[in-house]
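First to last, the protein sequences are chains B and V.
Last residue of the first sequence? That's 292 in the numbering used here, and every number before it is there in order.
Last residue of the second sequence? That's 292 in the numbering used here, and every number before it is there in order.
Since the hints were made in silico from the structure, they are not lab data.
Model, not experiment: these values are computed from the prediction.
Some hints here could point you the wrong way.
The list makes no distinction among identical chains, and a pair is therefore deemed to hold if it is satisfied within one copy or across any two copies.
[What the hints assert, rightly or not] Below, in silico cross-link-like pairs of lysine to any residue (SDA-like), each with a Cα-Cα straight-line distance of 25 angstroms or less:
| no. | residue 1 | residue 2 |
| --- | --- | --- |
| 1 | K98 | S140 |
| 2 | K214 | I51 |
| 3 | K126 | N7 |
| 4 | K214 | E17 |
| 5 | K126 | Q1 |
| 6 | K98 | I(-1) |
| 7 | K254 | N177 |
| 8 | K213 | Q252 |
| 9 | K25 | A(-4) |
| 10 | K219 | R18 |
This is what each chain is made of:
2 protein chains.
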Amino acid sequence: MQQLATLIEQVKVQQNRVVSIAQADEREVLLAVKAAVEEKLCSFHLFGDQTKLETIAREIDLVWTERITYTHVSNVEESAQKAVQLVRDGKAHVLMKGNISSALLLKAVLNKEYGIRAGQVLSHVALFEVPNYSKLIMLSDAAMNILPSFDDKVAITNNAVSVARNIGLNKPKVAVLAAVESVNPNMQATVDAAALVEMNQKGKIQDCEVDGPFAFDIAVSKKAAEIKGISSSVAGEADILIVPTIEVGNALYKSFIYFAQAKTAAIIVGAKVPIVLTSRSDSSENKLYSLSLALVSSTID
Amino acid sequence: MQQLATLIEQVKVQQNRVVSIAQADEREVLLAVKAAVEEKLCSFHLFGDQTKLETIAREIDLVWTERITYTHVSNVEESAQKAVQLVRDGKAHVLMKGNISSALLLKAVLNKEYGIRAGQVLSHVALFEVPNYSKLIMLSDAAMNILPSFDDKVAITNNAVSVARNIGLNKPKVAVLAAVESVNPNMQATVDAAALVEMNQKGKIQDCEVDGPFAFDIAVSKKAAEIKGISSSVAGEADILIVPTIEVGNALYKSFIYFAQAKTAAIIVGAKVPIVLTSRSDSSENKLYSLSLALVSSTID
């Protein structure tokens, strides 16, 4: 798969899945719902203010087909709780953020009583279609884990590999990024990278091929790897980039979008179902891609 | 100035300057010398093995014009020491790395007896021409300082601003990068960014306009800043990006080159003269740009 648009095709062959949206009563959110329904991607259960939902629906010509159900809630906390509970009750396959802060939605996700934590680390996985790279490339973690510990990095890697497998990559090549290719005790990124490689070799991180530490050029360019004399089947062909800190992930994510004209799909994984946290600045195309990646990555039937 | 090629024009109106090259007896290095001499950029004093220098010169048709002088040395340590001493004696305006490790050359630069340290932090400054950005953009530090302290970041910023002024930007806009725009005590990058902004406001970092913490998109996109409600004259118009760690700088640097098709010029500043540390993987065009940036940034007459 070389294009994000194929995600949409992949969703269409699945059974019809339900997306639960917390606080859907916003124009941008309902436009995304409308586009997804028109593409016959999935069904939705919307939580939000009934009057607002109906008003915006009229404004944007959203038709209340059988694919869309809604429940009136009186505030965002209730919205988050009910949207999460629908997932917990097994009635939704994906959770999506509407007009509510990410923090508030994630608080409901992690709630001990009605939440949908799966015991794992939650991590952000972004999948990119970059014009200057020969295949799709995944990046994690660009938005959730600030300064991941080594154990967090193991979980982040496993989460990314599970998404890769869901989109059809059976043995993804994982490049662990640092600023250099040799292990330097003064550079934690290189130490952790070497340890991740070892865990992969010992079979403790499975279904993928991990190598590093690699600087970015070694991960994505065979020529750069050759010049530096690095022989690795991951070098120049990375499917997944694991970054050392949120600052590296966030900067790369945005440089791909703003400087390399990449398209993207991004989700949070590690809870019972994938979570879509699109923001207003995402293009409508990227929103559909994120929703599709979540639907493809949902393993609940 | 929107293109790196204008650096070459800027060099040509300067007086003829001398570049001292440690261990110049390598084909790639002498090809760069040949190109620079043909462009009438500067003069060179080469240190290296005489036989090798003469052999390679014949192979590549390098003519020994009055612009090129050479001194035979018997090993790389002597090469580094003599190349540095030429600068210390006021006879060269730029130091350039030839077929020698960066570590060895920098050791000579920092030598207490004959070195050319200027009491400041040495930092790496890279200037990019990115097709998707409206002007040249500078990045620091992508290669020298691993985990810069706050004081290091002040010096890194001052070094970058001095280079910006040398290429004709009188009051560069400096964006201090982090993963978010609000100060979070758990994210040192945001704390340092706010402190750099304060130092700028109090006049302790001068001749520039510092703002941040900014995620990358806020630094380079007015639209992203508007959507997030961030009002700043630096937002969307950054001339200089200051990164929190070498991993962020290195990843961005390489994503600009490999994914955003950027051209680049990079030098080390903070010593008595700018230092050029090009590597074999740099294109010949980027090598000329780096040399030009060093020549333009040399303040010794």
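Taking the hints in turn, this is what the structure says about them:
1. K98 / S140: Within one copy only: 21 angstroms inside, 34 angstroms across.
2. K214 / I51: between (50 angstroms within a copy, 24 angstroms between copies)
3. K126 / N7: neither (28 angstroms within a copy, 48 angstroms between copies)
4. K214 / E17: between (48 angstroms within a copy, 20 angstroms between copies)
5. K126 / Q1: within (17 angstroms within a copy, 40 angstroms between copies)
6. K98 / I(-1): neither (30 angstroms within a copy, 56 angstroms between copies)
7. K254 / N177: The answer is neither: 35 angstroms in one copy and 30 angstroms across copies each exceed 25 angstroms.
8. K213 / Q252: Close inside one copy (22 angstroms) and across copies (16 angstroms); limit 25 angstroms.
9. K25 / A(-4): Only inside one copy: K25 and A(-4) sit 18 angstroms apart there, 49 angstroms across copies, limit 25 angstroms.
10. K219 / R18: Answer is between: at 17 angstroms across copies they meet the 25 angstroms cutoff, but 51 angstroms inside does not.
The structure is inconsistent with the numbered hints 3, 6 and 7, although it conforms to all the rest.
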